[in-house]
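Asker: Here the protein sequences line up with chains A and B, keeping their order. Residues in the first sequence are numbered from 1 upward in steps of one, following our numbering. Residues in the second sequence are numbered from 1001 upward in steps of one, following our numbering.
Derived from the structure by calculation, the hints contain no laboratory data. Because the structure is a prediction, the values reported are computed rather than measured. Think of the CB as a built atom: it goes at the ideal place given N, C-alpha and C, for glycine as much as any other residue. A few of these clues could be false.
As the list claims (entries may be wrong) - Estimated spans, in silico, between C-beta atoms of each pair:
| hint | chain 1 | residue 1 | chain 2 | residue 2 | range |
| --- | --- | --- | --- | --- | --- |
| 1 | A | Gln138 | B | Thr1310 | 46 to 56 Å |
| 2 | B | Glu1231 | A | Asp156 | 19 to 29 Å |
| 3 | A | Pro130 | B | Asn1065 | 58 to 68 Å |
| 4 | A | Gln73 | B | Ala1164 | 52 to 62 Å |
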Amino acid sequence: MISMHHGCFEYRQKEPIFSDLNFHLNKGETLSILGPNGVGKTTLVKCLLGFQRLKSGEVQFEGQPLEKIPLKQFFRRVSYVPQARNVVFPYSVLDMVLLGRASAIGLNARPSKEDMDRAAAAVHRVGIAPLMHQSTRQISGGQLQLVLIARAIVNDPEVMILDEPESNLDMKNQLIILDLMEQLREELGLTTIINTHYPNHALRLGGKALLLGSGNRRDFGNTTDLINHETIRTYFHVDSQMVEWQDAAKTHQRIFPVGLAKEAV
Amino acid sequence: MAMEKKSRARWVLPGLGVLLIFLMLAAAGVGRYMVPFDKVVSILSSVIFNVEQHWTDVEQTVVLNIRMPRIILAILIGAGLSVSGVALQALFANPLVSSHVLGVSYGAGFGAAIGILLSENHLFIQGMAIVFGMVAIALTYSISKTGKGTQLYMLVLAGVIVGALFQALISLIQYVADPEEKLPSIVYWLMGSLGGTSLKDLRLGIPLIGVGILIIFAIRWHLNVLSLPEEEARSMGVNLKLLRGLIIIATTVITAVAVSLSGIIGFVGLVIPHFARMVVGHEHRVLVPVTILMGGIYLLLIDTIARSATAAEIPLSILTAIVGAPFFAVLLRRTGGGWHD
Chain A
1 MISMHHGCFE YRQKEPIFSD LNFHLNKGET LSILGPNGVG KTTLVKCLLG FQRLKSGEVQ
61 FEGQPLEKIP LKQFFRRVSY VPQARNVVFP YSVLDMVLLG RASAIGLNAR PSKEDMDRAA
121 AAVHRVGIAP LMHQSTRQIS GGQLQLVLIA RAIVNDPEVM ILDEPESNLD MKNQLIILDL
181 MEQLREELGL TTIINTHYPN HALRLGGKAL LLGSGNRRDF GNTTDLINHE TIRTYFHVDS
241 QMVEWQDAAK THQRIFPVGL AKEAV
Chain B
1001 MAMEKKSRAR WVLPGLGVLL IFLMLAAAGV GRYMVPFDKV VSILSSVIFN VEQHWTDVEQ
1061 TVVLNIRMPR IILAILIGAG LSVSGVALQA LFANPLVSSH VLGVSYGAGF GAAIGILLSE
1121 NHLFIQGMAI VFGMVAIALT YSISKTGKGT QLYMLVLAGV IVGALFQALI SLIQYVADPE
1181 EKLPSIVYWL MGSLGGTSLK DLRLGIPLIG VGILIIFAIR WHLNVLSLPE EEARSMGVNL
1241 KLLRGLIIIA TTVITAVAVS LSGIIGFVGL VIPHFARMVV GHEHRVLVPV TILMGGIYLL
1301 LIDTIARSAT AAEIPLSILT AIVGAPFFAV LLRRTGGGWH D
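One chain only, chain B, in its complex shape (with noise of 0.2 Å):
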């Protein structure tokens, strides 16, 4: 069995990433602007070699600046917020955790509410739910910090409180808001959007959650150790403070930086580990890359259906629920729970 899914990850992996690829052209050309698929090829292609023109400036300018930062944003959180899960399944030894677990996410999202009703500036708003990102994971871990050092439940149990208390301050955010401008604008934030995906936010983008995905993909092996009981991680002579301090710190960015771009977005992080589990098993080293790359395809054709289904943009954390769940209930079914052999 375990030998069936290793060799599998084999064409598995060049698999995802040519889809990826495909899909990434793909939804370059879909949208309310059409643009045919070779058209989206060449003016791709133009950005690095000298292609003669023959499509529009409008066409250029709807896949280059438009619909490209934002398709790349979308892989990127989907890569992120995935890998952030896996990485977090191994470091808690629990298949069930995902990247809400240390309270970072809400406390990033609380940050956004706080930025909305200060101010109208995108950065500043970004900016906070990055602040705040990393006063949730710094009020965890204080919290779960004992005379002995730090206990993986206790880091649970922490994070679980953070997460609760700044999911009431978001609460009370929208309760004092404004219902007329301020209220709305916080909801339709934190249900998650990438509409209006700049280069700007590109810059912010690739720097922090690629740095974060290449840490865990660096340590992927690793990850293998970590997921052991922990006497016996230790016992197998590595650095185990500096294992998880490097996951924190690369989940912890991940995931704030994503909320501020674009909202909580439940889900990614704890299902796609497991559909990934079910096609490659557990092993990490195969099972990092191929999180990463079904991550970045999930939420890309997510983001893909929430701007072009309907004319109205439809919110990002409710169509990958509401897509995924029954396309996982399925697969549920079907398999059995079976990738847990």
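Next comes chain A alone, as it looks inside the complex (with noise of 0.2 Å):
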């Protein structure tokens, strides 16, 4: 579904924030990206959606380059959810999400009847239909990222890319929105890539991860077989301990932090 071959990108020459980077994901999977701060995960992901260039390298988005693919039928299939910060100009909540139909509404036109319905689903379907008319200055910080996920889902699209969708989140918000992107994974077969700073959520999401380090090191793979301690010293030089506990339905892995490592990695 999307891929990226000998990725490398950098902001000043010969320093490289990642050189020659590859992985593949397929359809419905889920990719979380991991490593510490400045390392490129947020640079990675703006590669992925096109807002950076590769120095070299590609994006493929169905085996496709990624600047041969027109930006409107790009983006109807490929959406983007943005950490929710403080918006400039409160729009109401459903004006917010209409605004995911733009590519399907002409320069001088408004949004029709259809439109207007596929924004309303959506905001139910987030799960915040209370709020629709609310503006979005006066909604708190998770509800926010609620919106910005209804509007990245209003067209359909195949492909969620979120970049820490649940940084600024309290306990609980974090919850909802791992139990928001799981169901949409669930009901809209989506594969998902989520920039995120908690290992614990890659355990819990599940599928492949991306582990990016100083160094241009990294580690593609499957979730559990990447995330255990040594991982995360050589990654975020931190010593951490494994919890594990079974349910009914399967094996939960959860890995905590329990100081700064000792010995230079």
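Combine the two chains into a complex, taking the hints into account.
Answerer: Shown next, in the form of structure tokens:
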């Protein structure tokens, strides 16, 4: 579905953020991108969305190089959820979600009944129907993040790319976002790429993980294989402890930071 | 809150429309030569319908040939500058910019100053204003252009630079201009006035400013998209370059032509949009038409006061602020800036 081949990016000459980066994601799979601050997770997401151009290598969407796909088509199938920040102009929740339909609305046209219905359905789907007509400045950060997710699913996309959607939220709201991501993944068959600071969220979402570290260190593979106390020490310089438990359905794993790693890695 | 404001728009818009028409009729009667309201209505309807003449020829000339062109122009300029403010605020995702931000008004002002220095021909002066307005935007654009395309903050900074340059050049021209004749006319001209507006000015104003307003009106829903942070806007799958280009062209034409007709009028492009935001909220599908009407009404009121309050004309740029500032100051205190919710 979406893949990177020998991706290389640098802001300044000879100081690559990442180079020769490869990964491949099949339809319906989930990819969690993990790594310490400043390692280029957000940059990588921007490259996947075409906001930044790779210095070399390419991003492919269904085998086609990203640059060859018309913008409109691409963004109707691939949607982007930024981290919720303050909004400059506080539109209502419904108006904000409606913006997701922009590619389907002519330059001098206005949203049709169908556009409105789709937007309302998306608001319902993420579970914030009572906020439909509230100002996006009067809702909480967690609710605003849900609005942005609603906006991202309004076109029934195939891929959803989220940039740290849960970073600024409290525990409950983090769980709401994760639950919703799992629900959407199931209902819509979404291929999901998420940038996250939390290895536990990657463990919970399952699927694939991409670890990014300093010095162009990286690992790509199944989340459960990839996340353990050794990789956490290598990538985050943190000692950790894995906890496992079982319920009827499956085995769960979570990893907890214990302290800063003593020895230099 | 957002809902209240949106449903409020349902009566705000027709209300403003009716108010504008009423004010147009009233303004056509007001002035040093008063014409009663009913006569104004009959004179105006006689243009289209067959009405038996019960007014003097002088009254007809005053209403049709002197006041109406000026009224129409005041409305167009007020509407144009205000809606330019809204469009640029969306473009820069910043509620604090106005039509001055790209340096166009000062470029146009400089053009007019040169025009006055070189000639007394009204058309030549207007032409110079428009040409230098375009020169200013071209300069702003080329300064802001980098290898990676045009960044918005670069555009703002370049606009500030170009604006400052042309402001200095205006001062320079005033400094070297003949203080007996040229200097006063440059100063008066820049202060702004719609006095002496003729049908000829309408031929310039209606199509150019009108088209600018229409462009912004047509793409008004997409202004919502444009006001998102750059990458979010891009991910909505819209043609950002085209949208931005349209707005820059429309606002440049409006601003340059407005300056060429009435000097540099500040205040309107910043305050009217905010007043409109306070009443109907930020959603541009509603905000744009409301701003257009409010801007038109505001400048019509100001211009009517300018020409009828005292025996001599009061310059527009002075009056917009002197009348507007206290009004909006009270409004700001009363609402506590509450329109940002």
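Asker: Against this structure, judge whether each hint is valid.
Answerer: Hint check results:
Checked against the hint of 46 to 56 Å, the C-beta distance between A/Gln138 and B/Thr1310 comes to roughly 47 Å, which is consistent with it. Distance hint for B/Glu1231 and A/Asp156: a CB-CB separation of about 22 Å, consistent with the stated range 19 to 29 Å. Here the CB-CB span from A/Pro130 to B/Asn1065 is close to 59 Å, well matched to the stated 58 to 68 Å. The hint said 52 to 62 Å for the Cβ distance between A/Gln73 and B/Ala1164, and at roughly 44 Å that hint is violated.
When the structure is compared with the earlier hints, a violation turns up for hint 4 alone.
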